[in-house]
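K.L.:
In order, the protein sequences belong to chains A and B.
For the first sequence, position 174 (counting from the first letter as 1) is numbered 174 according to this note's numbering, and the numbering increases by one without interruption.
For the second sequence, position 161 (counting from the first letter as 1) is numbered 161 according to this note's numbering, and the numbering increases by one without interruption.
Hints are computed from structural coordinates only; laboratory data are not their basis.
Glycine residues also receive a C-beta, built at the ideal position from the N, C-alpha and C atoms.
Certain hints may be false.
[Stated by the list, open to error] Label-pair distances were calculated between CB atoms; the ranges are:
hint, chain 1, residue 1, chain 2, residue 2, range
1, A, 80, B, 20, 31 to 39 Å
2, B, 94, A, 113, 55 to 63 Å
3, B, 127, A, 83, 44 to 52 Å
4, B, 291, A, 62, 28 to 36 Å
5, B, 291, A, 270, 26 to 34 Å
6, B, 216, A, 347, 53 to 61 Å
7, A, 41, B, 20, 29 to 37 Å
8, A, 30, B, 24, 41 to 49 Å
9, A, 83, B, 20, 14 to 22 Å
10, A, 63, B, 216, 54 to 62 Å
11, A, 122, B, 291, 33 to 41 Å
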Amino acid sequence: MKWRIDRILHAPAPALPVQKRTWPCGLVLGRPRFVLQPAPAEDDLSPTISQVIGDPAFSIEWEQPETWEDLPPSPWQRYLAEPAPAEEIVNARYGEIALALGLLPGDEWRRRQPLDPTAIREALRASGSLPQRVREAFVFALFEPQGPWRQDDELLTGWVQTVRWVLHQRRPLPQVLSPNARWLALGYRLLDAISRLRATRPTLAEIETGWQALQPPNGERLPCMLAVVYWGEGAYRLKECGDTSGAAAALDRQNAAAAALIELLPALAPALDGGLWRHHLGQLAYYRGDLPEALRQFQHEWRLQGQRLPSSLKGRLQRSLGNVLTDLGLLAGARRLTEAGLAQQRASDDPELFKTLGRLGEIQLRQGDYAAARSAYEESWERQKAGQREGRTAVYLGHLALLTDRPAEAADWYRIAEQADLAQGITFNPYRVMGLMALAGHRADRREILRLWDQHQTEWEALRDEKVLPAAVAALAAARAAPDPERAGRFVERLLEANYLLEALCPLARCAATPGRVERWLQRIARQLRQWQMALDEAAGDIAGLDPNEPGAPGPVAARIEQALEVDHWQPLATDMARVFPMNLLEKPV
Amino acid sequence: MGMSDWLAVGDETGNWDELNNPGAFLGVALVVARIEDWQTALADVVDGQPIRERLQAPPRHLPPAYRKSGGHHLLDAFNCWKAQPSEGTWSLAEPGGDPLRQEVFATLRWLAEHPRLITLGLWLKGPAMRRELFLSSDPAVALGRAYGLLVGLALPFLNPQDRLLVQPGLRTESAHLLAKQRASLARSQPNPDARLPGDLRGTVSVLVEEGQHHRNAWRGGAIAGFEAGALDHLRRVCSPLRKAELENNILNAIADLGAGLLRLSCQPGEGGLRLRRDATWRNVVCHALPELHA
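Here chain B stands alone, though its shape is the one from the complex:
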């Protein structure tokens, strides 16, 4: 078997800037697939609508008042559902009569039941779990460790000659941060050493450290390698990814779906809409932090 490049695109859920909020539900998800499987998946059609098109724009049935993001962002739908409570535990296969729910559930179900796209999720809640993951109160470090843990989980189960390319979730940073300004300057002069925005740089470096830590701890023989960074960076180091022409916003929207599945199926003891994990979600793997981090 030849070497395959795998792409993992991540997103977070919960407000990681509020690490010290004891009640916050925090999670990260990585959607992982071979590059060619990403290409095939992006050609899928859901309810007669190509997935690419479906993820380009907000859900068609989302009331205009909730269209805060330009693209497909589940947070907008969540906000809408918060305003019109639909409590209880739902199955993605039985969305009921609400058209928005039907539309969003269909999109989520596409990912949850996808035979090739793997959703890995990790969540934590409360000070005890948080202490296990964070040695600093820096959200970038915490996110890096969470993503690194998921990378570590997956690596042994790729072929040893494979490579996993990882883009953690891109975060919005305050425009006045010096690091952001310097990074913006750097982007105007493209070169491989161009600096990433400060927060992402921190996350990536911890992710690499954490993932490598697990890779080193592996004693079961040869193991796949990995690279991490923003998609633009990953395209520079991996020509198959460059040639695959996978749009950033579509990939990020799928990562958002992954984080949504994690939140809706794992958030404990919260009011609002919850999803039942169906047996058909075969490639969705979600763990509370203590399950993976002894």
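One chain only, chain A, in its complex shape:
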């Protein structure tokens, strides 16, 4: 960048009244690059910086040599004092490093060129401990795709690729290196710990133990970014393993670390969001059931990611957004995004491709495109390693068989699912038991339905968050079998708390002969659907291709609820209720 440095011009003769004048010159500095090499003896800046970042293995190099611009023209040039003011130049160099590390908002300062070295020094001193902020920013940069590293430094280039490989693409760490550089060595240990989390089904406590094992023996506090990375992965893994409350606790840890980092370095906030380090904010809201908030978070990320090339990160965002749209009822939009994410994953042979196929299958299932859904789930099943397959995939294949009136095949898939779950230590999969109860319904086997309900009585009651859905379906099945309309409504409140609005219509219709009897609930559902519609309308401004008014959008459903209330008949909602998955498992296929 270009820095304004006032240089001194000497008067040609002592009898002249003004003996010194300043001339505003431009000092153009190349970008600073960190490199894992000892600093040359004459470099007095690198030792200071490496001391501040706490890693003597790093030194600074500059992409281009310093050049002067706007030097005084003739006839004054030969009266320019040499050397140029050293303190100002040093301030400019520190300023470049601070901007490269994101200690100050780079875009804003770039616009101000030529920059004033004194102003940047004051800005850097203005907020809190500078060494701590430099260290935090440096460690943050280690996890960025384009950090201030020299491009031909093998160790650093290798590190950046490993970050991409392990964190963005979620592949296993190929090799744990232990380089001399302290932060890199710790970084590799962190990636190793993350890689290990994926090989087991860890509990929150075990993840905490893993975090403690990374702490330095001298009690020194690790930079925030390491916690952002570690707890982000911890949350991701716990969610994968179905531990929603554990995931929420891990996300709290990640959020706390991210908030601490942003408080120290506000300029990093966009990079922190855009880098998907806080992708879990949207995911957390999603799992909390706060769909408008999830949509807002992903919309924000979309704005930041929109300009970038397709990448693992963008693919992940497309998939997450697809999930939210699915729950909001925008199945066509969800399908487009999920298919785009899938294409990206196919191009890079992403290890999580099977998950996206599962998501796509669910959307297609909800759309009633059962053949496509089946093909997606089958591919997902095939892509998973034998012995490590998710019972969930087999459960969905069972549901599909049921929806297409192939009960024997459904029974086979539920059995396969049970084996897969057991191989992973899962003894109670509520979705599988829900499927078994629906299968029993197909066979008009009321005793089996009630047996399954009674057998898992305690488990049904204990289910929370998104798992209240299979519990509600099971309760609905048991209510029909008993028959016991009161039982059908037992989970309505919990469904609504978990934002299963459309899904709550079926049990409501089961326990109330006319909408008027459950008006309070229906009004609440309609109100919330309207809020969802507003969030969608807002998001559509940023997310190209999102049609907030496609059939199945929450606004029209709210209108039909109001209509049902007006005529005090369930008829206006008949089609909606018939298509609500997984409640529709209980309906005999036409």
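Since chain A is already given, all that's left is putting chain B on it; use the hints.
P.N.:
Positioned in the frame of chain A, the structure of chain B alone reads:
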């Protein structure tokens, strides 16, 4: 600090009418000081002789045969020295036994070591240097640019509210030139718009243009202004100068000394007498053209 008016009086050395002579050494000098410092300086006494008196007439030890000018003109002494070669490099402080040299060196030394009078000099030699300064072969234009460059050099180092009054060297013109005749007519009817002789008018206009060009290029904050013209004109625009009663011939003789210092200390590779620039010449600033004109 209040505003000061500064006066710069110039003179040329070398034959500027022979611009195309590749071997010619050409120079201009400006002697610059505050008006009150000029007054004080003109009251100085050198070797028991008031400087005013010393500069009124040719050097006392100049043989009558070399007294070509009515007043004090170094060219006469140079011609004398050419006839009686005294080669080598001299210090003004050590003139040796020759009385003329003693007398002329003392006068030059008065200016070279003066604490208040500043001598700015610019010289050039050879076609390459000449090309840098002249776009035309008109000596008036070339002189204007040379003086303007020196003015540009000095302006930032005056106080920003100061004013520099510049008289470039007056040149003798052929009496038959129409411009000279018209100017002579105009002088009989004094008014501010009276025309200057053609050559001086050309020089002044280029000087103003060149000086203003440098003034505009200055990016280091406020900068002093300047006026240029013959002394009579400058007196009309500046009452302190009018009131100072500085005699034209004395001022021009001092400018001649400035040009002499430039010639004797900077002329490269020439035979004849040369001056060593002593550390005591603190207010003498001489540059070859490429040093100031990149």
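K.L.:
Using the beta carbons of residue 41 of chain A and residue 20 of chain B, state whether their distance is inside 29 to 37 Å or not.
P.N.:
Distance hint for residue 41 of chain A, residue 20 of chain B is violated at roughly 57 Å.
K.L.:
Verify the CB-CB distance for residue 291 of chain B and residue 270 of chain A against the hinted window 26 to 34 Å.
P.N.:
Violated, since residue 291 of chain B and residue 270 of chain A (Cβ atoms, about 52 Å apart) do not stay within the stated range.
K.L.:
If I claimed the Cβ atoms of residue 63 of chain A and residue 216 of chain B lie 54 to 62 Å apart, would that claim hold in this structure?
P.N.:
violated (36 Å)
K.L.:
So does residue 122 of chain A sit 33 to 41 Å from residue 291 of chain B, Cβ to Cβ?
P.N.:
holds (39 Å)
K.L.:
Range hint 28 to 36 Å: satisfied by the CB atoms of residue 291 of chain B and residue 62 of chain A?
P.N.:
Holds, since residue 291 of chain B and residue 62 of chain A (Cβ atoms, about 32 Å apart) stay within the stated range.
K.L.:
Measuring from beta carbon to beta carbon, are residue 80 of chain A and residue 20 of chain B in 31 to 39 Å?
P.N.:
holds (35 Å)
K.L.:
Given the hint of 53 to 61 Å, is the C-beta distance from residue 216 of chain B to residue 347 of chain A inside that range or not?
P.N.:
holds (60 Å)
K.L.:
Is it true that residue 127 of chain B and residue 83 of chain A lie within 44 to 52 Å of each other by Cβ?
P.N.:
violated (37 Å)
K.L.:
Regarding residue 94 of chain B and residue 113 of chain A, is the given constraint of 55 to 63 Å on their beta-carbon distance met?
P.N.:
holds (57 Å)
K.L.:
Is the distance from the Cβ of residue 30 of chain A to the Cβ of residue 24 of chain B consistent with 41 to 49 Å?
P.N.:
holds (48 Å)
K.L.:
Tell me if the beta carbons of residue 83 of chain A and residue 20 of chain B are separated by a distance inside 14 to 22 Å.
P.N.:
For residue 83 of chain A and residue 20 of chain B the Cβ distance comes to about 43 Å; the hint is violated.
Hint compliance for this structure: hints 3, 5, 7, 9 and 10 are not met, and every other hint is.
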